[in-house]
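Undergrad: Listed below, chain by chain, are the residues.
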Amino acid sequence: MDKLELFNSLIPIVIPVNSMGATATSLDQPLAETGLDSLDLLMIGIYLSDIYGVEEEVAKVMQPVTVADMFVFMEVHKTKEPTNIQEALESVK
Amino acid sequence: MNIYLTDYRTASTTQTEMMEDIPYPQRVHWFADTYKNAQSGLVYAPHKLADKVLDPELLADLRERDGKTAFILASGNAHFAGVHNKTGIDNKLTYDYKFLALSLTQVYAGRIAQMCGARDMVITDASACASSLKVMMNVRELFMLYGFDRVIVLTLEDAVSNPVLKFFGESKACLTKDQEDQGILPSAFDDHNFGFNIGQGAALAVFENAKYARNSKAQLLGAYTAAEESTNAIGQREDGQGFVRAAAGALQTANISSSDIQVVKTHGTGTKSNNQSEKAALQQIFHREFLATSYKQRIGHTMGASGLLETCLLLDDMRNGIIPGIPNRTRRDEVFLSNDLIIGGTGHNILSLAAGMGNVYSAAIFRTL
Chain A
8 MDKLELFNSL
18 IPIVIPVNSM
28 GATATSLDQP
38 LAETGLDSLD
48 LLMIGIYLSD
58 IYGVEEEVAK
68 VMQPVTVADM
78 FVFMEVHKTK
88 EPTNIQEALE
98 SVK
Chain B
59 MNIYLTDYRT
69 ASTTQTEMME
79 DIPYPQRVHW
89 FADTYKNAQS
99 GLVYAPHKLA
109 DKVLDPELLA
119 DLRERDGKTA
129 FILASGNAHF
139 AGVHNKTGID
149 NKLTYDYKFL
159 ALSLTQVYAG
169 RIAQMCGARD
179 MVITDASACA
189 SSLKVMMNVR
199 ELFMLYGFDR
209 VIVLTLEDAV
219 SNPVLKFFGE
229 SKACLTKDQE
239 DQGILPSAFD
249 DHNFGFNIGQ
259 GAALAVFENA
269 KYARNSKAQL
279 LGAYTAAEES
289 TNAIGQREDG
299 QGFVRAAAGA
309 LQTANISSSD
319 IQVVKTHGTG
329 TKSNNQSEKA
339 ALQQIFHREF
349 LATSYKQRIG
359 HTMGASGLLE
369 TCLLLDDMRN
379 GIIPGIPNRT
389 RRDEVFLSND
399 LIIGGTGHNI
409 LSLAAGMGNV
419 YSAAIFRTL
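In order, the protein sequences belong to chains A and B. Position one of the first sequence corresponds to residue 8 (the working numbering), numbered consecutively onward. Position one of the second sequence corresponds to residue 59 (the working numbering), numbered consecutively onward.
Treat the hints with care, as some may be off.
[Claimed, not checked] List time: in silico DMTMM-like cross-link candidates among lysine to aspartate or glutamate, alpha-carbon distance up to 25 Å:
1. B:K106 with A:E12
2. B:K94 with A:D35
3. B:K106 with A:D35
4. B:K330 with B:D207
5. A:K10 with A:D35
6. A:K85 with B:D154
7. B:K106 with A:D57
8. B:K106 with A:E94
9. A:K100 with B:D154
10. B:K110 with A:E97
11. B:K150 with B:E228
12. B:K269 with B:E115
13. B:K94 with A:E88
14. B:K106 with A:E63
15. A:K87 with A:E12
16. B:K94 with A:E12
17. B:K150 with A:E97
18. A:K100 with B:D91
19. B:K150 with A:D57
20. A:K87 with B:D154
21. A:K100 with B:D113
22. B:K235 with B:D148
23. A:K67 with B:D154
24. A:K100 with B:D207
25. B:K150 with A:E62
26. B:K275 with B:D207
27. A:K87 with A:D9
28. B:K230 with B:E75
29. B:K94 with A:E62
30. B:K94 with A:D57
31. B:K94 with A:E97
32. B:K330 with B:E287
33. A:K87 with A:D57
34. B:K94 with A:E94
35. A:K100 with A:D57
36. B:K150 with A:E94
[To be verified] Counterexamples of contact, computed for chain B against chain A with all Cβ distances above 10 Å:
37. S229
38. G307
39. Q310
40. Q342
Don't read these hints as lab results, they were simulated from the structure. From the three backbone atoms N, C-alpha and C, an ideal C-beta is built for every residue, glycine too.
Chain A with its partners taken away, still in its complex shape:
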């Protein structure tokens, strides 16, 4: 599954009207440069935790700097893995 595509697919769910044009251009991109604010990133973190079956209490210690850091954290703590992006998004819409 394309992790960058999944990340960007969560943005319009978190902010339905993306006035700042926030987007991630690569997995190595610092989150601070995506145009997402701290609340947006908190929501994306919790959405990803839900998608990967990471307990909320565990997810709270995540301190990602880049987009990739979020997915590394998910890989370490996941209890499930979606087979495709459509399935992943369906659970959080």
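Could you slot chain B onto chain A? The hints should help.
TA: Just chain B now, kept in the frame of chain A:
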């Protein structure tokens, strides 16, 4: 100064569903999709309701406009800050939202203001069922005292929630299944039918001054909010003095008299106390015949959203050439419409009224364009 209502979006429904698995079974007007996936804790029903009026194209257009812009979130009353799930009831309306910070009104308002390009002022209001009309007074102040060019108002209330349905059902403030089984239908200012069902509703309205207004839908002539010494906990006096004070203030700020008003959009809950209070007030305000309608019997009581939302619906109806009658009236009179009335042209003045728990009375006057 002329203030124009240049654009709006509304969300309400005439469709109803009987909610059986709640302490006081009752019919509601709601969008079931606003609760889809809510139990995951990732979806907040009031925000999903707001999304129905946050038209991306309109918001993108607003962001492109220059001028000093304010944003007001008139959110009614109780559903923000996670109080919706504190009843102990376990049903499809029960959920525990994970992002408490985003359910705080001011945080949410700030995010939506950013989406609208409103960078100069963010205001929230929670004046219960008067909220969205109450802020019309703030709209006028921002234009007239502080030089704003544009004020964007988002109003919403997800009244279809366990605490609201329980509170209103328990206090018999809304119609329940028991009453429906006895043949009572929602209506207002009637001797037999009365009351309302609870509903979800939202509206997004854009007000602009003459410099920026294009294709205006209406003009906001005046607005006022008042309080009065009340005789019951809700704050409604039998003599309707709260409504009278609010309407008098709105007429004064509009610099017109009651004889210039063609139609009244009543608060019109149809409860015994409101029927008595609002009817007494209208008789004092008008000294002559007038036409009055109510929308709560069509779309439910959308609480904080109701005043402005219902006004926008009336503007739509009048543009289509009608003033809708109040449903289910068993008597006819020349004041409270029982049937749709055909009306033509523009330039009609509307007096909109709202009352909120806690003794808040609001009135606003609009002219159709």
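Undergrad: Now tell me, hint by hint, if it's right for this structure.
TA: Cross-check of the supplied hints:
1. A threshold of 25 Å between alpha carbons decides the hint, and for K106 of chain B with E12 of chain A the separation of about 24 Å falls inside it, so the pair holds.
2. Distance hint between K94 of chain B and D35 of chain A is unfulfilled; the C-alpha atoms sit about 34 Å from each other, more than 25 Å.
3. For the hint pairing K106 of chain B with D35 of chain A, the CA-to-CA distance comes to about 32 Å; that exceeds 25 Å, so the pair is violated.
4. Of the supplied pair hints, the one linking K330 of chain B and D207 of chain B is violated, its CA atoms being roughly 42 Å apart against a limit of 25 Å.
5. A threshold of 25 Å between alpha carbons decides the hint, and for K10 of chain A with D35 of chain A the separation of about 12 Å falls inside it, so the pair holds.
6. Between K85 of chain A and D154 of chain B the CA atoms are separated by roughly 22 Å; this keeps the pair inside 25 Å, and the hint holds.
7. A C-alpha spacing of about 19 Å is found between K106 of chain B and D57 of chain A, which places the hinted pair at or below 25 Å, so the restraint holds.
8. Taking the CA atoms of K106 of chain B and E94 of chain A, the gap is near 21 Å; set against the 25 Å cutoff, the hint holds.
9. For the hint pairing K100 of chain A with D154 of chain B, the CA-to-CA distance comes to about 16 Å; that is within 25 Å, so the pair holds.
10. For the proposed pair K110 of chain B and E97 of chain A, the alpha carbon gap of about 19 Å is at most 25 Å, so the pair holds.
11. Using a Cα cut-off of 25 Å, the hinted pair K150 of chain B and E228 of chain B holds, with the two alpha carbons roughly 20 Å apart.
12. About 22 Å separates the Cα atoms of K269 of chain B and E115 of chain B, which keeps this hinted pair within 25 Å; it holds.
13. Pair hint K94 of chain B plus E88 of chain A holds up; C-alpha atoms about 22 Å apart against a cutoff of 25 Å.
14. At roughly 23 Å between alpha-carbon atoms, K106 of chain B and E63 of chain A fall within 25 Å of each other, so this suggested pair holds.
15. Annotation: proposed proximity of K87 of chain A to E12 of chain A holds, straight-line Cα distance about 19 Å (limit 25 Å).
16. Taken as a hint, the K94 of chain B and E12 of chain A pair is honoured in the structure, with Cα atoms around 24 Å apart against an allowance of 25 Å.
17. Under the criterion of a C-alpha separation no larger than 25 Å, the hint pairing K150 of chain B with E97 of chain A is consistent with the structure, at around 19 Å.
18. Between K100 of chain A and D91 of chain B the CA atoms are separated by roughly 11 Å; this keeps the pair inside 25 Å, and the hint holds.
19. Using a Cα cut-off of 25 Å, the hinted pair K150 of chain B and D57 of chain A holds, with the two alpha carbons roughly 20 Å apart.
20. Among the hinted pairs, K87 of chain A with D154 of chain B is consistent with the structure: their alpha-carbon atoms are about 22 Å apart, no more than 25 Å.
21. Simply put, K100 of chain A and D113 of chain B have alpha-carbon atoms about 18 Å apart, close enough for the 25 Å limit, and the pair holds.
22. Of the pairs offered as hints, the one joining K235 of chain B and D148 of chain B holds, with about 20 Å between alpha carbons and a cut-off of 25 Å not exceeded.
23. Simply put, K67 of chain A and D154 of chain B have alpha-carbon atoms about 17 Å apart, close enough for the 25 Å limit, and the pair holds.
24. Distance restraint check for K100 of chain A and D207 of chain B: the Cα-Cα separation of roughly 37 Å exceeds the 25 Å cut-off, and the hinted pair is therefore not satisfied.
25. Under the criterion of a C-alpha separation no larger than 25 Å, the hint pairing K150 of chain B with E62 of chain A is consistent with the structure, at around 23 Å.
26. Restraint check for K275 of chain B and D207 of chain B: the C-alpha separation of about 17 Å stays at or below 25 Å, so the hint holds.
27. With a CA separation close to 16 Å, the supplied pair K87 of chain A and D9 of chain A stays within the 25 Å bound.
28. At most 25 Å may separate the alpha-carbon atoms for a hinted pair to count; K230 of chain B and E75 of chain B meet this at roughly 19 Å.
29. Note on K94 of chain B and E62 of chain A: the hinted pairing holds, with a Cα-Cα distance of about 22 Å set against a maximum of 25 Å.
30. This hinted pair checks out: K94 of chain B and D57 of chain A have alpha carbons roughly 16 Å apart, not beyond 25 Å.
31. For the given pair, K94 of chain B sits about 11 Å from E97 of chain A by alpha-carbon distance, which is consistent with the 25 Å threshold.
32. At roughly 19 Å between alpha-carbon atoms, K330 of chain B and E287 of chain B fall within 25 Å of each other, so this suggested pair holds.
33. Restraint check for K87 of chain A and D57 of chain A: satisfied, since their Cα atoms lie roughly 9 Å apart, inside the 25 Å limit.
34. The straight-line distance between the Cα atoms of K94 of chain B and E94 of chain A is roughly 16 Å, inside the 25 Å bound, and the hint therefore holds.
35. For the given pair, K100 of chain A sits about 11 Å from D57 of chain A by alpha-carbon distance, which is consistent with the 25 Å threshold.
36. Pair hint K150 of chain B plus E94 of chain A holds up; C-alpha atoms about 23 Å apart against a cutoff of 25 Å.
37. Separation of S229 of chain B from chain A is adequate, the least Cβ-Cβ distance of about 35 Å exceeding the 10 Å criterion.
38. The beta carbon of G307 of chain B sits about 35 Å from the closest Cβ of chain A, which is more than 10 Å, so the claim that it is off the interface holds.
39. Every Cβ of chain A is farther than 10 Å from the Cβ of Q310 of chain B; the closest lies at roughly 38 Å, confirming the non-interface assignment.
40. The Cβ of Q342 of chain B sits about 45 Å from the closest Cβ of chain A, beyond the 10 Å cut-off, so the non-interface label holds.
In summary, the numbered hints that this structure violates are 2, 3, 4 and 24.
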